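Asker: Following the hints, position chains V, H, A, D and P against chain R.
There are 6 protein chains.
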Amino acid sequence: MFHHSSKLQYHVKVDKPDPQFAKLLQQAIGGIEGEIRVAMQYFFQAMGARGDDRIRDMLMSTATEELSHIEILGHAVALNLEGAPVSLQEESAKDPVVNAILGGANPRHLLSSGLSAMPVNANGVPFDMSHVYATGNIGADMLANVTAEAGGRTLASRLYNWTDDKGMKDMLAFLIARDTYHQEQWLAVIEELGGMKAALPIPNSTPEEHEAMEHSYYYLNTLMDKEAPEGRWSSGPSLDGRGEYTVKQQPEPLGEEPKLGRAKEKSGAQKEQM
Amino acid sequence: MFHHSSKLQYHVKVDKPDPQFAKLLQQAIGGIEGEIRVAMQYFFQAMGARGDDRIRDMLMSTATEELSHIEILGHAVALNLEGAPVSLQEESAKDPVVNAILGGANPRHLLSSGLSAMPVNANGVPFDMSHVYATGNIGADMLANVTAEAGGRTLASRLYNWTDDKGMKDMLAFLIARDTYHQEQWLAVIEELGGMKAALPIPNSTPEEHEAMEHSYYYLNTLMDKEAPEGRWSSGPSLDGRGEYTVKQQPEPLGEEPKLGRAKEKSGAQKEQM
Amino acid sequence: MFHHSSKLQYHVKVDKPDPQFAKLLQQAIGGIEGEIRVAMQYFFQAMGARGDDRIRDMLMSTATEELSHIEILGHAVALNLEGAPVSLQEESAKDPVVNAILGGANPRHLLSSGLSAMPVNANGVPFDMSHVYATGNIGADMLANVTAEAGGRTLASRLYNWTDDKGMKDMLAFLIARDTYHQEQWLAVIEELGGMKAALPIPNSTPEEHEAMEHSYYYLNTLMDKEAPEGRWSSGPSLDGRGEYTVKQQPEPLGEEPKLGRAKEKSGAQKEQM
Amino acid sequence: MFHHSSKLQYHVKVDKPDPQFAKLLQQAIGGIEGEIRVAMQYFFQAMGARGDDRIRDMLMSTATEELSHIEILGHAVALNLEGAPVSLQEESAKDPVVNAILGGANPRHLLSSGLSAMPVNANGVPFDMSHVYATGNIGADMLANVTAEAGGRTLASRLYNWTDDKGMKDMLAFLIARDTYHQEQWLAVIEELGGMKAALPIPNSTPEEHEAMEHSYYYLNTLMDKEAPEGRWSSGPSLDGRGEYTVKQQPEPLGEEPKLGRAKEKSGAQKEQM
Amino acid sequence: MFHHSSKLQYHVKVDKPDPQFAKLLQQAIGGIEGEIRVAMQYFFQAMGARGDDRIRDMLMSTATEELSHIEILGHAVALNLEGAPVSLQEESAKDPVVNAILGGANPRHLLSSGLSAMPVNANGVPFDMSHVYATGNIGADMLANVTAEAGGRTLASRLYNWTDDKGMKDMLAFLIARDTYHQEQWLAVIEELGGMKAALPIPNSTPEEHEAMEHSYYYLNTLMDKEAPEGRWSSGPSLDGRGEYTVKQQPEPLGEEPKLGRAKEKSGAQKEQM
Amino acid sequence: MFHHSSKLQYHVKVDKPDPQFAKLLQQAIGGIEGEIRVAMQYFFQAMGARGDDRIRDMLMSTATEELSHIEILGHAVALNLEGAPVSLQEESAKDPVVNAILGGANPRHLLSSGLSAMPVNANGVPFDMSHVYATGNIGADMLANVTAEAGGRTLASRLYNWTDDKGMKDMLAFLIARDTYHQEQWLAVIEELGGMKAALPIPNSTPEEHEAMEHSYYYLNTLMDKEAPEGRWSSGPSLDGRGEYTVKQQPEPLGEEPKLGRAKEKSGAQKEQM
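First to last, the sequence lines map onto chains R, V, H, A, D and P. Mapping to UniProt numbering: the first sequence position 43 is 43, numbers consecutive. Mapping to UniProt numbering: the second sequence position 162 is 162, numbers consecutive. Mapping to UniProt numbering: the third sequence position 170 is 170, numbers consecutive. Mapping to UniProt numbering: the fourth sequence position 264 is 264, numbers consecutive. Mapping to UniProt numbering: the fifth sequence position 150 is 150, numbers consecutive. Mapping to UniProt numbering: the sixth sequence position 226 is 226, numbers consecutive.
Because the hints were derived from the structure by calculation, they are not lab data. Being a predicted model, the structure only gives us computed values, none of them experimental. A portion of the hints provided could be inaccurate.
Treat identical chains as interchangeable: a pair holds within one or across any two.
PhoX-like, lysine-lysine: derived pairs with alpha carbons at most 25 angstroms apart [stated by the list, open to error]:
(1) 166 / 259
(2) 248 / 266
(3) 197 / 7
(4) 7 / 166
(5) 166 / 264
(6) 16 / 264
Just chain R, same shape as in the assembly (with noise of 0.2 angstroms):
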C-alpha cells in the first residue's frame, strides 16, 4: 500500500522561469527515459517478481522513490512555466520572448494543462505504457533497468549541461547522483545472483538441448565489402563459458527460398494469383 508525505523529496528551486526548458524537462517526466517509465517498470516488476524476496522488495521500494521523482520533475515544469504569457497583445507580439513560446515551448503547456507538467515527452508525445519492460525473468528486467537508468543520467546530464539556471543544476545533480546509484544497485542484483556469467545467457533456465548451440558462438559478418572488425566478440571464451567465439564471414544462406504458391479461393486476391 501506498502513503504520501507533503514535501517533495528533494528541494525545487527555479530562479528564472523558462517555458523552454519546461518542455525540455518533459522528456524526463514523460519521455522513454523518464520517471513515470521507471516508476511503473519497477512497480509491474514487483508485482510480478518471483523467487527471491528482497529483490520485490527492492523494485517496489524503487519504484516508490521514482514516483517522487515525478513529483520533482512536475513541480520544476510548473515553476518554469509561472509567468508564461497566456495572450498574444499587441505591444509583445514582435518580443521573442513571447514567439519563443510559441516557438520553443510546448503550446499545450499553454492550451492544455493551464501551465503545468503534462505526463508528455518533450515533443508532446504521451507516455505509452509498452515501454514498461516486464519479462517476469529477474536477469531480463535488471538488463531492462539498467539501461532505463542509463539513458535517464544520459538525458539528466543532457539537461544539465543546457540550463544554465543554478536551481534546475542542483536538482539534477540530485538526480543524476540517484540515476548512478540505480544504474548499479541493479547490475548488483546480478552480482548478487552469481554474476553476469552465470546470468548468461538469459534465461539462464533454457536446457542446451533447445539451442542450435552450433549457431551461438560466430559473429555474423553480413557485410559484403568489409571484414569483420575483432575484438573481445570474434574469438576466445565466450562469456557464458560455454564456447569459444569464431567468425563467419561472408555468410550463405542455410535455408530454401520461401514460396506460397497461389493464393486460396475466397480468400480475397485478385484472380491472378488464384
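Answerer: Only chains V, H, A, D and P this time, still in chain R's reference frame:
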C-alpha cells in the same frame, strides 16, 4: 547499402499448420521483444554511431542479420496460416478447429493480411518505433541491446516450450542460439571498451561536479514497515569504484511542500482559483 | 514524497485461478476505466493545482490510494494466472481448458510477462497517458474525475457480474465501494466551491463578452425528419441561471461556402490545381 | 443517414493569416478537447443508446452539429496558412516571420498537408479514437460529455485570449457559446432522468449487496503528515442519500503482503527464481 | 454544415446474433480498411481542396455517405451483440457458446461499451487519425482514396465469405457495391483531369530540373542471386511518356561510406567516443 | 537473406548544417510518406505474396532499396546536426541561431539521440507499423504502393523547395527520381496483369452475386443544396466495363430507424435504461 539474396538465412518448415501459433509467433516479429525492433534499433544506432568504427560496423552488420530473422519468421507465420478457413460453413460451424480460428487466432490474419504475417504483436497491436532505443551513448546503447536480446531469447524459449511442431522447434532453436550470441556480443563491446567498471556510471563523461555525489551511493528504503534488504547493493565498494554503498532507512524529504499559489488571470481556470 | 508499506490495501484471494478472468481484469488496470488512469490523472492534477490547497491535498491523497488499487489488481491478475499452462503437450492439446488459454486468455501473459499483470487493457492495448485529463481548471478536472470513477464503477460492476469466484467478488465489492465514494468526493468539491450552478459554464471566469451569448441557450436540432426532443434542455431557465433554453429546429447555416482558390506555386500540388 | 449543405454553420474570417495560430487551432480539431472527439463520442454513444429514445436523438443531433464545428475549424486553419512560405529564400532566411514557420508552426502543415488542416493536436499528435468514451451507461456517458465540453470551452477561451485576430475571436465566441449550451444540455439529461442524487452512484443499477458499503463513505487520507482536509466530502449526508461521510486518517492496510513464491518450470524465468 | 435523417442509408438485419462476428465487423468500422477512415479522409481532403471545385464537392459528399456507413455498421455490431451473456453462471460455464464470448469475442464489447460498437478494429485497437491521408495534392489524394476503397472492398468480401447470416450478407453486398463505385469514382477524377499519363509522376508540377532524371527510369535489382524480373516495368516507354525503362542489375553504391567521427564534448556520449 | 555493403547508395553532402532542416528531413524517414514505411510495406507484401513470383521478387528487391534510402536520409540528418549547440551559454542565449535549436529544431535530437536520426516524423511522433499496408490482394497492394510513392515524391519535392543547401538538393533530386520510377513500377505491375480495367473492381475475384449491383454505379449526392458535379464519374460506361454511371440526387434512406430497446439487466446501464 543493402542487398538481398533469395534464400532464407535458416530453413523454415511447418509440420502441422496452426493459426493459433501464427498469432503467437507475431510477438517475435512485431512485439517489443521481436525482430523488427532489434533490426531497427541496431540500424539507427549504427547511423548515429560516433567513435570506434568497429562498433558502427557491428551494429550495421547485425541489423542486417535481424532483417533476415524477420524474413524467417514472416515465412513461418504464413506457413502456419496455410489452409486456415476463410468461410464459416454450416458443417464446420461447431468444429472446434474452425472456432479456434476466431477464438485463438488473430482475425486480421484472415480479414486484413490474406493469411500472411503482419508487423504486429501477439495481441495484434502494431509495432511502434518509439521502442528503437538509440541514445548516441555507446554504453547505454549496448545495454539496451543486451536487454533486447535477453527479452528476445526469453520469448523464443517460451515459444519453443509452447509448440510441439518439430519444424517450428528447429527454427526456434536457431533463433535461441543467435540470441545467445547477440546478448554476449554487445556485452563484449563493453568489455572491449574497458569493462563495466570503466563504463559506469553511464555516461562516464559526466563530470563529478555535475553530480550531488552524497546521494550517489545509498539504497533508499521507502518501505515503511520493512528493513532494507541486504546484498551487494547495500554495503561494500561501489561497482564503479568511486564510492561505498550504504543504506538510508526511512528517508525524510529533503525539499519543501510544493505550492503554486493562485491561478493567473486569463489562464482558463475557475474564478475560485484566481 | 511517496512511501510504501508491504501489505495490500485490501485482501486478495482467488478461489479458482482463471486465465480468462486475468485478461478481463486487465481492463481495470490498464483500460481507460482503470486504476493507472485515475492514479496518474489525480497525480498530475495535484501537481498543477492552483487555488484552494485542500483540493491539491485531496488529489494527491486519492492518487496515492489509486496506486494501491493497481497493486491489488496486479496481484489478482497474477493469482488468476497461477498454474496456467506454458506448454502444449500432446495429451492436453484437445483439452478445452488448455485451448482456452490461447482462445480466451491474453497470450502475452504467457509469452511476455511470465504470468503476471501488464499495464494493458483487456485487448492487450497498452495504456497511454493521453488519457490523463488535467486542464488546470478545477471545474473541468473534477468533472473528468467523476467521469473516470463512473466508468470505473461501471466496469467493476460488470466484472462482478461476470465472475463466479467468491474471492474476486469480495475484492470487486471493495473497489465498487471506493468508486462510489470517489465519484461523490469530486462532486462534493464542486458543491464546496459553490455548487454546479456557480461553476457553470466552465470556465466560469470567461467574461460574457467573449461569448456570442445569442448562441448559448438553444438546442440545435440537426435532424431533418424529427422534431427536437423536449425536456429540461429545451425550455425553462438555464442551469447556470444566465438564460432561458429554447430550440432551433431545422437550422440554417450562418456562414458562407468555404473556398480556398488555386494552390500556391511550389506547394507540391498537381499542376491542374494551380 | 447524414446529409450536407454547402455553407458553414458559422462564418469564418481571418484578418491576418498566422501559421502559428493555425498550429494552436489544431488542438480544437484533433486534441482531446477538440471537435473530432465530441463528434465521434456522441455518434458512438447514439449508436449504443438503449432506453429513452430522446437521448439517442439528442446524441445523434449534437454529433452532427460537432461535425460542422470540425468543418468551421478546418477552414480556419487553412485560412491561417494562406501565404505561408514554402521555400527558404536567401533574403527571407533571417526574417523572423519565415523563421517562425519552422519555430512556431507545425512543419507538417507545409510538408504533409499542403497548407490545410490535419486531424492532429497542437503538438502534431494524431487524434486516436480511444478517447471516444461510450460505456452504454447513460449516467457515465452524460458526465463524459459534460467533461468533454468543459475541456472544450476551456480550450476555446484560451485560444480567444491568445489571438488578437478579430475574425478568429468572432468564431471562437460562437464556439464558446455552443460549448456553454452543450455542457448544460448533457447535465439537463441527468436532471430529466431524476437528478444527480438519483443517478448516483453510477451505475445506479448495481445492487447494494455487490458493494462493501462499509467502505463507501469515508475519505481515505493517505497523507502521513497532514490532516485530511475538511469539506462537503468529509461529513454530512452523502450526495446519493445512502450514507454519511466520514474520514479515515492514517489508514492501515487491510490485506496481506503479496507473495507469488517460486517461478514455474519452463516459464522462461532464471534458474535462481525456480 | 451537416444534417441527419433518422433512418439508416440501408437496412440492417441480423438473423442470428453472433458476438464473434460483431468483433470481425469492427474491422470495417475502426480498421484501416474501415469507414471512419474514409469518412475522415475525404472530409479532411475536402477541407484542404484547392483547384477544381467539383472535386471538393465530391469529397465532401462522399465523406457524408461514409458517415452513414459507420452508422449502418455500428447498428450491425449492436444487433450481433443482442443477448450476449454478461454473467458466468455455473450451468453455462462449460457451454462453448458462452466460452466463445471470451474466446472469440471482444471482451470490451461486454466490459466497456455495454454491448455496442466501438471505434476499434477487430483486434480492439482504436483507430488513429494518422491514417487520414490528405496531402493537398489531388493526384496523391485520389490514389490514396482508390487504395482505401480497394482495401475496404477486400475486407467486405472477406466478411461476406465468412458469415452465413443472410441479413449480414445483404448488408455487405450493399457495402461491396458502394466500394466498387467509390474505387472508380476517384479513378474517374484522374481521368477527368487528363488521365494517368498526364498525372504522372505525382506531383506533376515538380520541374524536371529538380529531378536527377538519369535515375528516374531504371528498375534497381538489389537481389544478388537473381536476374531482375521482366515485364512492363523493365523496358519500353515509361508510363509518363518522359523516358524509357531499363534495368540496373547488381547495383554499385554511388556514395561514400558514412562517417561521423568523434562525439562532441558535453553531448552525453561515453568518454571513449570523444 | 539480407546483406550490406558499406557505402551509401547515393552520396550525401551537407554544405551548411541546419538543425531545423534535420527536423524536416525526419518526415522522409519516419513520416507516413517516409522510407521506413515503404521499406516495411514492400517487405511484408513480399512475405505474403501469392501468385506471380516476379512480383514477390520486385517487392523484396525494392524493399531492400528503400532500406538504403533510410540510410541515406539518416546520414543527412546526422550531418545537419553537426555542431548543433548542446549548452545554453550566457553569450549565445540571445543568439537567434541557438534559439532556433529549441524553436525550430526537434529537442530530442539533442536530448535523446545524441545528434542523430530517429525513427520519428517532423513532429517527433514515432512511426507506427499500422501504416504497413499489405492485404494479400495484389491489386490493392500495388495501389497502396503507388499512393505511398506519390506521397513520398510530394514530400521530397516540398523539401527540395524549402532548402537552399546544394548538397541536400542533390540528394533530394535523386530521391525524387527514384520515387518517379517506383510510382510507375507498381502501376506497371497492374498493366502487366491485364491493366486497370481488368483489375477493377478490386478484388476482381468477388463474384457478382456477392454484390448488390444496383448500387454499384451511381454517384450519391448527399449535398442538399447543390447539384452533383458532372464528369467522367457521372455518366458513360464504368471504368470496369460492367456498367454505366448515373447520379442519385438527394438520396432517400433505404433502411429503418435503428432502435435497440431497453438495456439488458446486469449490463451495467442505469436503472432508467432497463
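Asker: With reference to the structure, classify each hint as holding or not holding.
Answerer: Evaluation of the provided hints:
{"no.": "1", "hint": "166 / 259", "in the structure": "between (64 angstroms within a copy, 20 angstroms between copies)"}
{"no.": "2", "hint": "248 / 266", "in the structure": "neither (45 angstroms within a copy, 32 angstroms between copies)"}
{"no.": "3", "hint": "197 / 7", "in the structure": "neither (43 angstroms within a copy, 35 angstroms between copies)"}
{"no.": "4", "hint": "7 / 166", "in the structure": "within (21 angstroms within a copy, 41 angstroms between copies)"}
{"no.": "5", "hint": "166 / 264", "in the structure": "between (68 angstroms within a copy, 24 angstroms between copies)"}
{"no.": "6", "hint": "16 / 264", "in the structure": "between (68 angstroms within a copy, 18 angstroms between copies)"}
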